[in-house]
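Going down the list, the protein sequences come from chains A and B.
In terms of the working numbering, the first sequence opens at residue 1 and continues consecutively.
In terms of the working numbering, the second sequence opens at residue 1001 and continues consecutively.
Mixed in with the good hints there might be a few duds.
Straight-line distance between alpha carbons at most 25 Å, and here's what the computed DMTMM-like set of lysine to aspartate or glutamate pairs gives [claimed, not checked]:
#1 B:K1074 <-> B:E1148
#2 B:K1074 <-> B:D1147
#3 A:K191 <-> B:E1149
#4 B:K1007 <-> A:E168
Bear in mind the hints are in silico, worked out from the structure with no lab data behind them.
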Amino acid sequence: MKRISVYIISLLVIIGYSGSEAGAQNQPPDTVIVPLKVRAGADIMGPVIYLIDRNNLNIEGYISVDMNARTGIFLGAGYSDYKYSQYNYEYLSRGYFVKAGVDFNLLKPDASKGKYWAGIGLRYGLSSFTSEIPFFEYDSYWGTTITTIPASSSMGHYLEVAPGFRAEIFNNFSMGWSVNIRALLHTGTGKDLRPIYFPGYGAGDESISFGINYFLSWNIPYKRIKVQIKQEEPEETEDTEGTEPAESAGSLFPPAEYP
Amino acid sequence: MRSIKTKILVAVVAVSLLKIVSCTPESCFEETLALLKASMYQSSQEENVAPTSLTLYGLNMEDDKIYDQTEGVKSALIPLNPYAESCTFVIGINSVTDTLIFWYTSFPHLISKECGYTFYHALDSLITTSNAIDTVIIRNRYVTTSDEENIRIYY
C-alpha cells in the first residue's frame, strides 16, 4: 500500500504542477517552441523486482521518437527469465519480446514544453520464448507418477495500453513510469499448455495482465517546432452575466517571442 | 475537457496499480482430475436411471474398488490411466459383471497456476461384454475436468 501511495502522490504532484504552471500564465502566448526528442530508456523496475524475487528476471528498454508535440513512435524490447515451482510442478520460461506502438501526450504543449509527458501508449507486443515443465506430479487411481514436459518454443502476441508519466529532471535526462494493461491475443502454445508466464506479457493463463515499468531515459533533441496554442474560451460566470465578455487574453498582447 | 481526461487517466492508473499489487489466490479450488463420465441408462425406459447397485474397479485391482455395491449412481466417474493407451475395468451392474475396455490418447493440460497440470484424454474406441450391458455409446470423446457426459451405458 505504501508503494501505491507513493505512486498516486507523485501522479497528483505532476498533474498539479502541470496544471498550476499552465494556469499561472495569465497571458498565454499564441505559440510555443517545443523540442522534439529521441529518447532511449531502460526499465529499473525489473532489476529491482529481481533483487526481491530471484525467480523473475525482466530486462527491458525502449527507444521513442517524437513525431510532433503530442505523438511519438515507441519501440521497446526485452528479455525475461521466469521460474515457478510449487508442491506438484515446476515451470520455466525464458525468451525475448519486442513492442511497437504510439505514445500520446495528453498534456498541452504549453504545459509539457517537451519536458513533461502524461499520456497513454498503445502498443503491439510479440514474444518469442521457450517454456518447459521439468517436474510434474500426477496422482490418480492408478498411482502417483512424476513426469516432465520437454522444452518447446512458441510465439505469443498481445496488445498493451500503457498510461504513465515522465518528467525531465535534469538536462536531457528524464524519469517516469507507466502501468501496463495487456490483452492477450495468442499464446502460440495451444489451449492445453498455455504458458503460466511469457516474456513481455506476464501471466499467460489470464486474458488480461498488468505490469509496471519505471524508466530512466536519455533524451536527444533533434528538432524544434513552433506549436500554435488554442486559447480556451473564458468560462462564463454569474458575475459576468449580462456584461460584455472579455476579450481573449491572447488577443490583447502580441505573441511572446522565444529564442 | 482536460480534467475529465485526467480523472479517467488517474482512475485507470490507480485501478491498475491496485491490480498489480493485489493478492492472488494461491490455493487450488478447481477440479484436478479428468474423469470419464458414464451415464447409466435403462434400455427399456431410455432414461437415466441408477442401477440398484454398481461395482467398478480396474482389472487386477479388486482390492481398490472405485464403486463397491454402491446405490444411486446415475453417472459413474471412471479414471483412465494416462501412462497407458488402454484401460480395462470390471463393472458390476445389479451384481451382474461385465468387462469394459477403453482405448484413448492422453495429453497434459494446464488447469491453472495454482492447481498445476493434469491429463486430458481423447477416447478412440471401446468394447464391452454383454452380460448386463446392452450397449455403450460415445457421446463426447474428450475427457476433461468439465462436467460433460462422455459415454452412455445402456443396461
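Hint check:
| no. | hint | verdict |
| --- | --- | --- |
| 1 | B:K1074 <-> B:E1148 | holds (13 Å) |
| 2 | B:K1074 <-> B:D1147 | holds (14 Å) |
| 3 | A:K191 <-> B:E1149 | holds (21 Å) |
| 4 | B:K1007 <-> A:E168 | holds (23 Å) |
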